[in-house]
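Heads up: the sequence lines are chains A and B, in that order.
With my numbering applied, the first sequence corresponds to residues 436 to 713, in that order.
With my numbering applied, the second sequence corresponds to residues 42 to 354, in that order.
Treat the hints with caution; some may be incorrect.
What the hints assert, rightly or not - Below are the DSS-like pairs computed for lysine-lysine, each with C-alpha atoms no more than 27 angstroms apart in a straight line:
1. K496(A) / K658(A)
2. K64(B) / K700(A)
3. K629(A) / K167(B)
4. K193(B) / K700(A)
5. K496(A) / K193(B)
6. K159(B) / K700(A)
7. K442(A) / K163(B)
8. K569(A) / K289(B)
9. K64(B) / K540(A)
10. K193(B) / K487(A)
As the list claims (entries may be wrong) - With the Cβ distance kept under 10 angstroms, some of the chain B side facing chain A (calculated, not the full set):
11. F122
12. T284
13. D292
14. I337
Hints were generated in silico from the structure; no laboratory data involved.
Nothing here was measured: the structure is a model prediction, and the numbers come from that model.
C-beta atoms are modelled at their ideal positions from N, C-alpha and C, and glycine is treated no differently.
These are the residues of each chain, in order.
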Amino acid sequence: MSLTRIKPSNVILTVLFAVLSVFFLLPLFWMLSASAKTERDVWTFPIQWIPKEWNLIANFKAVWMGDVSFGLFYMNSIKIAVISTLATILISSMAGYALSKLEFKGRAFVFSLMLAFMMIPEQATLVPRYIMIKEAGLYDTHAALILMGIFSSYFSFLLRQFMASIHDDMLEAAELDGAGFFRVFWNIMLPLSKPILATVGIIKFIWTWNDYQGPLIMLTSTKLFTIPLGMQFFQEEFGTRIAVMMMASVAAIIPLLALFLALQKQVIQGIAIGGVKG
Amino acid sequence: MSERMIVRDSASSANPKTYWTRKRREQWAGWVFIAPEVIGLIGLSLFPLLSSLVLSFTEWNLVGGLSAIRFNGVDNFVQLFKDDHFILALKNNVLFSAGTVPLTMLIGIVLAALIHKKLYAKTFFKVAFFIPYICSTVAIAAVWQALYHPSKGPLNQLLMQLGISNPPHWLVDTSYSLIAIMIIYIWQILGYQIIIFLAGMSNIPEELYEAAKIDGATGIQQFRRITLPLLGPTTFFLAITSTISSFKVFDLIKFLTNGGPNYSSTVIVYQIYEEGFERFRMGYASAMSWALFLMILLVTSITWMTQSRKVHQ
Numbered sequence: 436m437s438l439t440r441i442k443p444s445n446v447i448l449t450v451l452f453a454v455l456s457v458f459f460l461l462p463l464f465w466m467l468s469a470s471a472k473t474e475r476d477v478w479t480f481p482i483q484w485i486p487k488e489w490n491l492i493a494n495f496k497a498v499w500m501g502d503v504s505f506g507l508f509y510m511n512s513i514k515i516a517v518i519s520t521l522a523t524i525l526i527s528s529m530a531g532y533a534l535s536k537l538e539f540k541g542r543a544f545v546f547s548l549m550l551a552f553m554m555i556p557e558q559a560t561l562v563p564r565y566i567m568i569k570e571a572g573l574y575d576t577h578a579a580l581i582l583m584g585i586f587s588s589y590f591s592f593l594l595r596q597f598m599a600s601i602h603d604d605m606l607e608a609a610e611l612d613g614a615g616f617f618r619v620f621w622n623i624m625l626p627l628s629k630p631i632l633a634t635v636g637i638i639k640f641i642w643t644w645n646d647y648q649g650p651l652i653m654l655t656s657t658k659l660f661t662i663p664l665g666m667q668f669f670q671e672e673f674g675t676r677i678a679v680m681m682m683a684s685v686a687a688i689i690p691l692l693a694l695f696l697a698l699q700k701q702v703i704q705g706i707a708i709g710g711v712k713g
Numbered sequence: 042m043s044e045r046m047i048v049r050d051s052a053s054s055a056n057p058k059t060y061w062t063r064k065r066r067e068q069w070a071g072w073v074f075i076a077p078e079v080i081g082l083i084g085l086s087l088f089p090l091l092s093s094l095v096l097s098f099t100e101w102n103l104v105g106g107l108s109a110i111r112f113n114g115v116d117n118f119v120q121l122f123k124d125d126h127f128i129l130a131l132k133n134n135v136l137f138s139a140g141t142v143p144l145t146m147l148i149g150i151v152l153a154a155l156i157h158k159k160l161y162a163k164t165f166f167k168v169a170f171f172i173p174y175i176c177s178t179v180a181i182a183a184v185w186q187a188l189y190h191p192s193k194g195p196l197n198q199l200l201m202q203l204g205i206s207n208p209p210h211w212l213v214d215t216s217y218s219l220i221a222i223m224i225i226y227i228w229q230i231l232g233y234q235i236i237i238f239l240a241g242m243s244n245i246p247e248e249l250y251e252a253a254k255i256d257g258a259t260g261i262q263q264f265r266r267i268t269l270p271l272l273g274p275t276t277f278f279l280a281i282t283s284t285i286s287s288f289k290v291f292d293l294i295k296f297l298t299n300g301g302p303n304y305s306s307t308v309i310v311y312q313i314y315e316e317g318f319e320r321f322r323m324g325y326a327s328a329m330s331w332a333l334f335l336m337i338l339l340v341t342s343i344t345w346m347t348q349s350r351k352v353h354q
């Protein structure tokens, strides 16, 4: 709706909402403020939103320069999230291209199979997947996590829907110029699908970054832990040191928050078009 | 059959041989492009789903190796209904869904309607309410764990200041652990509901509201007579997906309570985890997995049936 003229009642409502959203985000403000405090001041009540005694550097050191550094978990998370995201984009867009633009026997069957796959909850397959990974000798490796995360009927479906709306003329023109299917896919389909690839990429990245259940089941060595497992490790290590825990939470949240704020349009759009999580 | 076929036919009519080889190449290319996804999904989704069905009729402790598998018929499923922890988990799952889904949908639709119709700086509010949803659940859980601290946490200090001398012990309190987790969950998913409702609302033609305004309809009348009915499909979609996601709640429970204290906050996925990955009872955990899968199928089909009946009326 375009608000052409300013209505006082709407201004008041907007201000009320602004207050409401600050209240809504209070737990995160509390986290930020606690991450800069001494352990003693964390519990002071009424809450000191601005720390009286700053302990930011000591908390930072405990998280990033302790025996087990958060930096390690960061590197693991970045590695897994980047590889999984790129592989998912490639595999799903190949499937999307085949399902939207290539005619082959069994296409309709494969398409309905993909829709049916979307109904399978990951949790119902955990036990056999764990056994398969163990039998394959991939238990406690990053490869196991990556392998588990890169096949998605859901993303293939989203990409198929988008690619179906790309005009055939462009593909025809390329084909007449002698391009094969791989060139058409790489040089035409992928560039034309950039908006949806960005959306799929960022959502996949967020899910992988935040995934807790997968690493919990597949990893056991501390040096391989991703951020959510690192948080659990810290909880066991520093459970009673709340300021340190809050510093770790800040570290876990900040990169995604920055990514989200920078690309909020794509994220929100991506959530809105598909709306299915996990 | 699009223009593309016609173009292709006319291009190839001069030389039937190229037409056929092209068609064969396309056939081949189709399978090559779809293969990774299909092989991956069959291997890592369909096959495990069916294997867990087979496993659900066995007794198998992983510690004993493959040779320790023993078929035991429907014993696991019989045991499910005698297992107090599973029944409690089932009950908690139902409470959890009933306590979080309708409430977040209700608050979500009202907030979305206000953001959509009345507020300035819409993007700001969308982003603000959505932040908890994109944050790492584990990191957020750590924050709430501190907030919920029974004696020193800010929440209970506030409650005590307000004159409640004996506030609940939240996560470590058998009567409040599930509620405490529900509160975090509601906080986390509210932004998602708002985003989906807003997407639905932006598809409603503005002319309808203009016409209603000319007829003198108030904002609330517009909401009840235009927004609500036209949001039917969105609401339906959200009801199914939110119920299904709430069935799968795990991260908060694993990190905060391990299903406790005394199983008061356990849910089905947590029981699957405990039986399968802590006790290594693979057969029993598989039976639970299938119980979960069937419940999800049931919810989906019931909602589809009621929905199609409504459409036919």
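### Proposed proximity, K700(A) with K64(B) (alpha carbon, max 27 angstroms)
41 angstroms, violated
### Agreement of K629(A) and K167(B) with the hint, judged by alpha carbon distance not exceeding 27 angstroms
OK: K629(A) and K167(B) at ~24 angstroms, within 27 angstroms.
### Given hint F122(B) near chain A, where the shortest CB pair must fall under 10 angstroms
19 angstroms, violated
### Message
Take the shortest C-beta to C-beta distance between T284(B) and chain A; is it under 10 angstroms?
### Response
12 angstroms, violated
### Message
For a C-alpha distance cap of 27 angstroms, please report whether K496(A) and K193(B) respect it.
### Response
Satisfied, since the Cα-Cα distance of roughly 25 angstroms is no more than 27 angstroms.
### Pair hint outcome, K442(A) versus K163(B) [Cα-Cα no greater than 27 angstroms]
15 angstroms, holds
### Message
Let's test the interface hint: is any C-beta of chain A closer than 10 angstroms to that of I337(B)?
### Response
With Cβ-Cβ at 6 angstroms, under 10 angstroms, it holds.
### Query
Is it true that the CA of K496(A) sits at most 27 angstroms from the CA of K658(A)?
19 angstroms, holds
### Query
Taking 27 angstroms as the top limit, are the C-alpha atoms of K159(B) and K700(A) close enough?
Holds: K159(B) and K700(A) sit about 21 angstroms apart, inside 27 angstroms.
#### Entry: Pair hint K193(B) and K487(A), alpha-carbon separation not exceeding 27 angstroms
18 angstroms, holds
### Message
Checking one constraint from the list: CA of K193(B) to CA of K700(A), max 27 angstroms. Satisfied?
### Response
This hinted pair is violated, its Cα atoms lying about 40 angstroms apart.
### Pair hint outcome, K64(B) versus K540(A) [Cα-Cα no greater than 27 angstroms]
11 angstroms, holds
In summary, the numbered hints that this structure violates are 2, 4, 11 and 12.
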